[in-house]
Amino acid sequence: MFYSPVITNAAEVASHKDLHLFKYVEDPKQHEIGTYQAHGGYKAWKKVLNGMTADQVTEEVKKSGLRGRGGAGFPTGMKWGFVPKASPKPRYLCCNADESEPGTCKDRVLMERDPHGVIEGMAIAAYAIGCHLMFIYIRGEFNHCRERMEQAMNEAYQHGHLGKNIHGSGYDLEMIVHTGGGAYICGEETALLNSVEGERGMSRMRPPFPAIEGLYACPTIVNNVESLASVPHIINRGADWYGSLGTEKSKGTKIFSLSGHVKRPGNYEVEMGFNLKKLIYDPAYGNGMLEDKKLKGVIPGGASTPFLTPDMIDVGLDYESLQTVGSMLGSGAVIVFNEDACIVWVIKKLIHFFRHESCGKCTPCREGTSWLEQMINRIESGEGQPGDIEKIEDVCGNILGRTICPLGDAAVMPIQSAIKHWRDEWQYHIDQKQCMVKTNFDFK
Amino acid sequence: MAEATKKDMPTETAENMVTLTINGRETTVPKGTTVLQAAKELGVHIPTFCWHPKLKPVGACRMCYVEVEKMPKLQVSCALEVMDGMVVHTDSDTVKQGRKAIIEFILLNHPLDCPTCDKGGECDLQNLTFAHGVDDSRFEFQKYRFVDEGMTTTFDDRRIGPEIILNRNRCILCYKCVRANKEAFGEYDLGVYERGSIAEINAAPGEQVDNPFSGNLVEICPVGALTNSDWRYKIRVWLTSTTPSICNYTSSGINTLFFKENHHNKIYRVTSRPSDDIDDGWLPDVTRYGYQIVNSPDRLTTPLVKKEGKQVEATWEEALEIIGKRFGEIKERLGGVCVGALVSPGLDNASLHAASRLMRVGFKSNNIDFRGDYRYLPESSESPFMRLCSRPFKIADIDDSDVIVTFGSDLIREHANEYLRIRKAFNFGNARIFAVNPYQTKSADVSSLELVYLPGTEESVVNGICLAAIEDNLVDAKRGEKFKLKTPTKSSAEAAKVSGVDRESLRTVAEALAEGKKITFFTGEIITRSRQRDLIASALINLHRLFGLKGRAQMSALARYANSKGAEKLGLLPNPRTVVVDKLRGLWGEYPESPARNTDAMMALIKKEEIKGFLILGSNPVMLYPDREFVKEGIEKLDFLVVADLFETETTELADVVLPLASWAEYEGYYVNLEGRTQKAARAVKPIGQAKPGYEIASLIGEALDPEMFQNEQQIHSEVRQLLELDSVIAYPDDFLEVKADTDGSQGDYNLPLYIIDDWHHSGHLTEKAPSLANFASEPYIEIPPQLASELKIAHGDSVRVESEVGKVILPARISEHTQNNVVLVPRNFSSSNVTSLLMRKKRVDRVKISKVDE
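Going down the list, the sequences are from chains A and B. Just so we're aligned: the first sequence equals residues 3 to 446 in the working numbering. Just so we're aligned: the second sequence equals residues 33 to 887 in the working numbering.
Derived by calculation from the structure, the hints in this document are not laboratory data. Beta carbons are placed, not taken as given, at the ideal position from N, Cα and C, and that holds for glycine. Keep in mind that the hints are not guaranteed to be accurate.
Unchecked claim - Footprint (simulated), chain A over chain B, 3 or more residues, beta carbon under 8 Å:
#1 79-93
#2 104-117
#3 130-144
#4 160-173
#5 228-242
As the list claims (entries may be wrong) - Computed far set for chain B versus chain A, every beta-carbon distance over 12 Å:
#6 N48
#7 A476
#8 E837
With the hints as extra help, turn the sequences into a complete structure.
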């Protein structure tokens, strides 16, 4: 079977006492249930079924300090606790596997190489919220992931980990693998729910939050693949162990997808708070800049997060530290640019993506992203006019914080920070009608 | 658009109230109210595009920004619920800047074609740009243009339905049309396609936007993206003035607004005049486009009199002279009892009452009826069915009912407005909704359970529900015993077998009726048109008694026409209720003692040549009475027939004198809707040609007979008022009624039940003259269930021979979606369909056989 040729630090993880998500991802048979179980798989699930109440599970996850790995970093256990206990309606769990943030490719590795870990995590989460039907919503382009997940799901059913009266506990749980149609916006949880319902993938107004009124107007929890994959480990090894990893407020480990102008791009599982500079330059990870060129900037958390300049990269990769330097942890996609990258060109690529993926529901995002793209394209092609930068900043201000969902913010935050850090380069583009840097890279 | 009223908000109790400050003014509103609604209550205007008072908020346009203290971002007030202590600013600099930015965004790709856009002058975008926008654009690029393949211009006009034209370039994507279509009307023929800045509204692939509520989409469009051929390019809105009116095609009394131009004496369109108690601001298409008959070039403009077998134009004087002479002769020679009258329930109170006085005082005859399209009408006004009709009913009470049962009603086709109310209850409430019909109906899409019974077994269905309740101890056992004494049906199982409805379903309804705290239960035309309506009504009265529905249910047989209820209350029946008769005797000093005849009896007497003279005001019995041979043979035998109508019809053809009748738009009239609410339709335009309103015609005929019979308008109005004040509710009897199930087996070769319906876009016999409605449907057809169609190898559009014992017609086929029960439907609204020639008045269920016509 086809493997995504992604470099991981599985060897390091395997010998490490605390890293866990990538422990077996290089094992070519890990996706099969026999191997997974031989590696201790479904132990946590049985433990939960045979001796823990739903509240105990939620408490354990709360105590562990696990926070959402999809980007927002909301405490996972607390989210589960929002499901109204008295509601007579059915509850649903949706695993958000619509991984489409440019630069992010961690969930894909987990689903392809360790699908049972995802299912086990989902099952435990479902149990914690009293859900009997759970979904995994896989990005439309992830054909291979879908095949792997479906195969794993069938195996889990055959081994009695899913279905009716699981392992004699009286607990029923069904699972559905659902694929998207190829829209970035469906990674936003309310748009994802609309999509599962068969509606257009457009985000909904909040409140009501999905935990109160989500899928089919019933309480629904939407969690990222990586968050859920961490859950079995928390159950197995305890919240205290998990809480001992990472920083004070960002617990556990996190997978970072390193890409761009580095020698060894790949997925690396590290402890929260890991130094960004080390991630880029350490031979075990990025192994330094490609062709040893100078670093220009880093996007630390996926295309939607503000840039960091070289003087800012001596920073811990966790929710709080990145905030102090004006950016975000996001989904953990670290994109590195060297001195040859024209920032206008980079932004042109980004805004093209966001304009293309705007769902069209709310005015600022729908109209604003298309206007921004036209203005940025104009500058990039050497036809920029004086005042364009100010206009772009003004339009960004009219989008930021004024849209239904975070896509609008995601589109403008990198632009704002690119202008902030490299304003002279933008001005040069307008005045001289060409790039300030010598060559353009052509990302393939 | 309708203002949000207190009614839409949660109920007010002290602990449910929230106090907040808006622009420095404190206000207390119920929990769950949105900031927008609270501001509206205070008279603070917040601009919106995508918000609609009757739809769920989506917060898409972002125009309704407000600033809330302690909230860092601007908030959209349409979706923001009030919280205690909230401090809201709707006019701060940040808010103003936010709105300005939204207007700028919307205008980026919006064409500046206001001078040629029909919305100009009443366009939300135009108005809000003036109020909140800037007068210059910072956008320096080519506006995005939707251009169809093969089109050489950027002019984007596409007809997405028989009436609706879409211009995608003007669309600002507020999604109101798509949301209303789905949420309020349950229709999916319009959708959003593509995404982002090139997202577009469009008809669903391969479909047309032709649902019976599609006109509303045009009305709620905030810009000129959706227009209709009715209004498009005809006139600018500022050249028109408005007149409030009432729908003349439905019994709900939907409030409407005429847009007219006085110089041309012409109406240009109808829009809603939102009334939360009645229509929520939604109009069925028949209400919206039906006005076009007023402008029709086919209208009768002068009286016609028959000379040497041909109708020729005449003056009113000539016509009235002939009428006075001929009616006078009959009255003199044979007595007034040999004259009869049939009036339309679409006429206003004054016309109905003037006709009643003409017959009862002028002719001293009791031969008058308003029900020209029903067979075997009840003789007495206190028959079980008439009692059911008289029961109080409130449309707005449907909203918060917890159990809703519609019985024998193809809802959208006859009570479209009530369907929308039920849909509202479905969207916003927790009602258990049941549809009980002899065939599957579209309106059952909101039902939790649809019961499809075998045609002609209505009373068995009702008995089955009652018996299931008794058997399962859902009702008082003693009452159950009494019920059983009057009902020969042994058990619910037996009723289930007869009616073809499974017992479980009967029990489910029984359970809901037993538990419901606020029940709405009404019957429609399938019951009203049934020969056995009294038997069915008896069963329903028993059900009411058995379940003890008194005080927790509104149960009624709904009136069908604009003023059916008024006609009932004014005594336009052969045997009005005693209170009405006493009142009339008091008003007039006399009341005829002669025997009273309903429509059937009058027709029979005409055949026997006992009734010689006849007056028809606005009715078309030849087309609509369910036995064409019977009526036609009768009417042909008359010595003298006077017919007043808007158009030449099958009935006017047979008349000796034809009088041009004014339409409801052409004079001021009052109409009583199905709730008993009297509403005014003001005069929008002058009557066309020499047309006259009904009351004037009745008055003139009276005067022609006897100068003293002149009725002045004020006197008519005062008498009407006194009659309407009478309590019209008839109490239910004190005991259970005898209900012996009637049988109606198949009839040899003719065993396919046929129901006569109204087309989705038509009502009665006049609407085919409205061009817009004819665009939706102008030809008769027969609707055949798919399984029967495939059995007979009939495809959509094939010619089908429809034969009954008495008649034969050929109609094009439409394949319906009903799969339960083999039942065929034929609309009655097209004069060319001749459909009533298939019917026999003695039948309970009309049955036919059909076959494909081989080319």
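Here is how each hint holds up against the structure:
Under a criterion of three residues with beta carbons nearer than 8 Å to beta carbons of chain A, the stated coverage of the segment 79-93 of chain B is upheld, 5 such residues being counted. As drawn, the segment 104-117 of chain B meets chain A at 6 residues by the rule of a beta-carbon pair under 8 Å; at three or more, the given contact holds. Given a C-beta distance limit of less than 8 Å, the hint that chain A covers the segment 130-144 of chain B holds, as 8 residues qualify and 3 suffice. Three residues within the 8 Å Cβ limit are the bar, and the segment 160-173 of chain B against chain A gives 4, so the coverage statement holds.
Using a Cβ-Cβ cut-off of 8 Å, 4 residues of the segment 228-242 of chain B lie near chain A, which meets the minimum of three, so the contact claim holds. Residue placement check: N48 of chain B keeps its beta carbon more than 12 Å from all beta carbons of chain A (closest about 18 Å). Every C-beta of chain A lies more than 12 Å from that of A476 of chain B, the closest at about 21 Å, which supports listing it as non-interface. In this structure E837 of chain B is separated from chain A by more than 12 Å, as the shortest Cβ-Cβ distance comes to about 49 Å.
Checked against the numbered hints above, the structure violates none of them.
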